[in-house]
Amino acid sequence: MDVSVTKRGNPHLSSTAADGDVYAGLVRAAAAGDATAMEQLLIRAQEVAFRFSLLVCGHAPDAEDVMQDALMRTYRRVGTIKDPAAFRTWLFRTVRNACLMKRRKRVDEPARVESLDEPHGFGHSDGTSAPRDVATGGKGPEELALNAWLGRRLRRALAALPPAYRMIVLLREMEGLSTREVADVTGMTEVNVKTRLHRARVMLREALGSEDAA
Amino acid sequence: MTGLPPVTCDSLLAQISAYLDGDLNGSACAAIEHHAASCAACGRVIEDFRRTTGLCRTAATAPLPADVRARARARVLELLKRR
Ligand SMILES: [Zn+2]
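The listed protein sequences derive, respectively, from chains L and H. Letter by letter, the first sequence follows residues 1 to 214 in the numbering used here. Letter by letter, the second sequence follows residues 1001 to 1083 in the numbering used here.
No wet-lab data here; the hints were simulated from the structure. The beta carbon of each residue, even a glycine, is placed where N, CA and C say it ideally should be. Don't take every hint at face value.
Derived, one-sided and incomplete: chain H residues facing chain L with beta-carbon distance under 8 Å [stated by the list, open to error]:
#1 CYS1056
#2 LEU1079
#3 LEU1080
Okay, the calculated beta carbon distance ranges per label pair [stated by the list, open to error]:
#4 ASN147(L) <-> LEU1080(H): 50 to 60 Å
#5 SER1038(H) <-> PRO141(L): 41 to 51 Å
#6 ASP34(L) <-> GLY1026(H): 42 to 52 Å
#7 ALA148(L) <-> GLU1047(H): 25 to 35 Å
#8 ASP1023(H) <-> ASP34(L): 34 to 44 Å
#9 ALA1040(H) <-> ARG93(L): 40 to 50 Å
#10 GLY79(L) <-> SER1038(H): 57 to 67 Å
#11 GLU190(L) <-> LEU1080(H): 35 to 45 Å
#12 ALA32(L) <-> PRO1005(H): 25 to 35 Å
Below, a sample of chain H positions facing chain L; criterion: calculated Cβ distance under 8 Å [what the hints assert, rightly or not]:
#13 SER1017
#14 HIS1035
#15 LEU1055
#16 LEU1064
#17 VAL1068
#18 ALA1072
#19 ARG1073
Please put together the full structure from these sequences, using the hints given.
Next up, the structure:
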């Protein structure tokens, strides 16, 4: 039987442990007084905040506040951190919480908070909910910023995903967190993360394919 | 591949994330590759999934808009100056 034992699915297709190591290295150096490392770390923390805020929470004015929050919390955290390897998941949890807080304060959009915070408690029984308008439509600053960053094609494909799925795509596919880390950040089980990531990939492929055909 | 049910187009699609993420054992991977080698549609599906993930990874490494970067940098300099 023609069975290759060497050719396999790429086990690291979307997990980049090296990314986490970069953060851990910067945290260690910054804690030891390396000013350049501190500067880089603070820039990265804000970049993470921007991407998460815009893609998952989707409110451009909030993104600047969430970036500021990530900046200050990272700055304060560096001197006290015990486990540099855990910094990245801490950062994403922090950013996620900051996004949720911002949205809770926007009283006109209570449903949006639910759809991100409690993916099982809102929308369909499989944890999905209707895509929010953020990434879907309008000509607001979000759409312009998302188009500039992702390109129109990928933005529209991501827009078709329920927010809880979009969050997993961002964390796992874009930022390169491991399944375990995504579970830590979101509070989901690893099984749930994998199931949702798979569904999200199927949806993304269909959306990208239909744009090709269009 | 003894003991494993034969791979169909549907079962391949259902397992494709586990396959690409390295969650399947050697014989399960081999069964998928065996099917894909003789099924052009499934070969394309696997390529599409790889390309989709690649597209996402590329997006994450793209620089942020220049004005956003400039503000991020200004905030850092302001903070470190005050140190
Ligand atoms: Zn097939």
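Here is how each hint holds up against the structure:
{"no.": "1", "hint": "CYS1056", "result": "4 Å, holds"}
{"no.": "2", "hint": "LEU1079", "result": "6 Å, holds"}
{"no.": "3", "hint": "LEU1080", "result": "7 Å, holds"}
{"no.": "4", "hint": "ASN147(L) <-> LEU1080(H): 50 to 60 Å", "result": "33 Å, violated"}
{"no.": "5", "hint": "SER1038(H) <-> PRO141(L): 41 to 51 Å", "result": "50 Å, holds"}
{"no.": "6", "hint": "ASP34(L) <-> GLY1026(H): 42 to 52 Å", "result": "44 Å, holds"}
{"no.": "7", "hint": "ALA148(L) <-> GLU1047(H): 25 to 35 Å", "result": "28 Å, holds"}
{"no.": "8", "hint": "ASP1023(H) <-> ASP34(L): 34 to 44 Å", "result": "38 Å, holds"}
{"no.": "9", "hint": "ALA1040(H) <-> ARG93(L): 40 to 50 Å", "result": "44 Å, holds"}
{"no.": "10", "hint": "GLY79(L) <-> SER1038(H): 57 to 67 Å", "result": "59 Å, holds"}
{"no.": "11", "hint": "GLU190(L) <-> LEU1080(H): 35 to 45 Å", "result": "38 Å, holds"}
{"no.": "12", "hint": "ALA32(L) <-> PRO1005(H): 25 to 35 Å", "result": "55 Å, violated"}
{"no.": "13", "hint": "SER1017", "result": "4 Å, holds"}
{"no.": "14", "hint": "HIS1035", "result": "12 Å, violated"}
{"no.": "15", "hint": "LEU1055", "result": "6 Å, holds"}
{"no.": "16", "hint": "LEU1064", "result": "6 Å, holds"}
{"no.": "17", "hint": "VAL1068", "result": "6 Å, holds"}
{"no.": "18", "hint": "ALA1072", "result": "4 Å, holds"}
{"no.": "19", "hint": "ARG1073", "result": "7 Å, holds"}
Hints 4, 12 and 14 from the earlier list are contradicted by this structure; the remaining hints agree with it.
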